[in-house]
Amino acid sequence: MSGTLGKDLLGLEHLSGDQIRLILDTAEPFKEVSERAIKKVPALRGKTIVNLFFEASTRTRISFEFAEKRLSADTVNVAASGSSVVKGETLVDTARNLEAMRIDMVVMRHGSSGAAKFLADRIVSSVINAGDGKHEHPTQGLLDLLTIRDHRPIAGTKVCIVGDVLHSRVARSNIWGLLKLGAEVAVCGPASLLPLGIEALGVQVFRRVEEAIAWADVINVLRLQLERMQTGYIPSVREYYRVFGVTMERLERAPRDLLIMHPGPMNRGVEIDSRVADGPHSVILNQVTNGVAVRMAVLYLLAGGNPELAEAAKGTSDR
Amino acid sequence: MKPILLRGARVLDPANGRDEVADLLLEGGLVKGIGRALGTPDGATVLEGKGLVAAPGFVDLHAHLREPGREDVETIATGARAAAAGGFSAVCAMPNTDPVTDNQAAVGFIVRQAGLAGFARVYPIGAVSVGQKGEQLAEFGELVAAGAVAVSDDGRPVATAHLMRTALEYARTFDIPVIDHCEDVTLSHGGAMHEGVTSTRLGLKGIPRSSEDVIVARDIALAALTGGHVHFAHVSTAGAVALIREAKTRGLRVTAEVTPHHFTLTDAACEGYDTNAKMNPPLRETGDLAALRGALADGTIDCIATDHAPHHYDAKEAEFDNAPFGVVGLETALGLALTELVEPGTLTLAQLVDRMAARPAAIAHLPGGALRPGGAADVVVFDPGQEWTVDPSRFFSKSRNTPFAGRRLRGVVRWTIVGGRVVHTAGDRPDAPDRSGR
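Just so you know, the protein sequences line up as chains H and W, in that order.
The numbers in the working numbering rise by one with no breaks, and the one at position 312 of the first sequence is 312.
The numbers in the working numbering rise by one with no breaks, and the one at position 305 of the second sequence is 305.
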């Protein structure tokens, strides 16, 4: 099965700007489906999708599941903790066994960078990367793009990603997607949490969050994994909030209104002030809503759906 | 054993300053004569050497033969056979076996297995510390008496500066090198590839150059303190090259090796998460590659060693993070060296033979590395111009984890002769019964 995106969605690095725009444009008509009383269209009726989650996930897994169900696909959820993986089965054996049951797509979250490509190279079904290690989380990048586009044109917008970029797959997908659509991109965080050579990707680096806020139109605040202290990347949560926290006080000094984003789950009072997260400029819940539409678009396109017929596909509902 | 007369090859023996077309007569396991128009003894096997190079058999200071412990991926016999196929008449076996080669029984076992196999000579390297745990010094005296030619905790670094100091001091009694795998594990912890733009893009944890450089600097300071001989395994960074060059100008007893994969490939080979490009130290960047080649040319790096590290197909058929480090190298070393170093003019053919035979033999005080009447008849005869394509299914090694599959290389080993006996002939195929179970 393949469409205009190819067989799989593994990341945004190797997609073109046109392909990314196609996904965002395809997501637009699907937004409305979730607003209906009967949230279901038949676009993927008869398709079988496996959600294979080797790492804990609430938001992404549920968002994919809603997207699949609202497109009428048959879905199965496999969590690593309850599966043959704990009995020592390899990833490729797990996937081949699933495929032997005649499935169409696999949505996978995995702790190792490159795991999605590894799988995609070895099975004929479509693979959608729902996060692989520190590499990419393309549907998160896409839903972030869609959310920005709801508020302003992406080209020319200045977006700063603040926090633990080193360990963040969300940051990498955002960087690729934003750059391909013409945004200016910066990252900000303690140098111990910024990967070596990040500038070579085409982004600016701010050492102080105040400078980032003064520069940006959009701040995308990353979650700080609490175990980063034990591993010596930062001294303490308290210190992190003091130096890098996105606080109301800091935003009030911004020269313009900023859009505030966060991929979740948030650590309130660690990387973001609750007053900011819940404030008027926060689009954090819009991101979650858009996540379902973007994932519907990706599933639809990978299943070979014609982008021009997305509107029609959702129109022929409720039979 | 019948005498062998190799006729009319270009005899290249940098240790004796010889580079001439001559005949080479091998008899009774020894070199009998080198010169023009040597008579053909009765019953001698005559090998036609026209257009070929005859050199002292290559010596690999760094190979993992996996036996005992992982006979499913390599044995001493298959490793020594692969070495012969690569033109090596001698190969040194690293001690990170299971159990670890840290006692005379383990060393004796390797010597015995190698003798039974009868391909390349195998010289055991003993562990620096008991169980390679980095705590208690292994019994070097016993190891050397049983046949060990060096000590190393390879696979990991000599754990502490204190242990390295005592190892260097204690090794002086036996005049053996302490071979160190230089890696500060607090810097490299969890790393899967070189730290740089590629690791950033791929989202893989990086191993910085400094992880190697700080331990090289430590060991140089300890070589200065103790007067001991440090041999640096698989140098991978421009920084380490600079440190070693400086240490040599100070007259310290430091030597170093580089692997064919480190002078051929960069971290770009990790694109697409190819686990056959996962090795430790990791493949670095073009600047490092240039520094390594320059260091081989000017003698800062003394020799080429393979770090032959066989792994099972299933182990490499995994997520990049979960795959083991290492690649096989015995059967591609000469081809890579000729193609990547001699062809572009970085090394002359004579320098290459020096870096693959004379120097490594000298570092570990091994016999061989030279061709002189009365010396061991360990000879490699190769065609430096003949091209071939790397086909892992034709490896004599039990393992095929190479990043060079499909690569066109120059330089084919025609014969490898060990102790006056031909142990490899071009066109030999790994025979099927030995290769079952894979």
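These are calculated hints, taken from the structure and not from any lab test.
A portion of the hints provided could be inaccurate.
Within a straight-line C-alpha distance of at most 27 angstroms, the following computed BS3-like cross-link-like pairs (lysine-lysine) qualify [what the hints assert, rightly or not]: (1) Lys7/H x Lys69/H; (2) Lys7/H x Lys316/W; (3) Lys316/W x Lys180/H.
Comparing the hints with the structure gives:
Pair hint Lys7/H plus Lys69/H holds up; C-alpha atoms about 21 angstroms apart against a cutoff of 27 angstroms. At most 27 angstroms may separate the alpha-carbon atoms for a hinted pair to count; Lys7/H and Lys316/W meet this at roughly 25 angstroms. In summary, the hint linking Lys316/W to Lys180/H is not supported, as the alpha carbons are separated by about 34 angstroms, beyond the 27 angstroms threshold.
Hint 3 from the list above is the single one not met by this structure.
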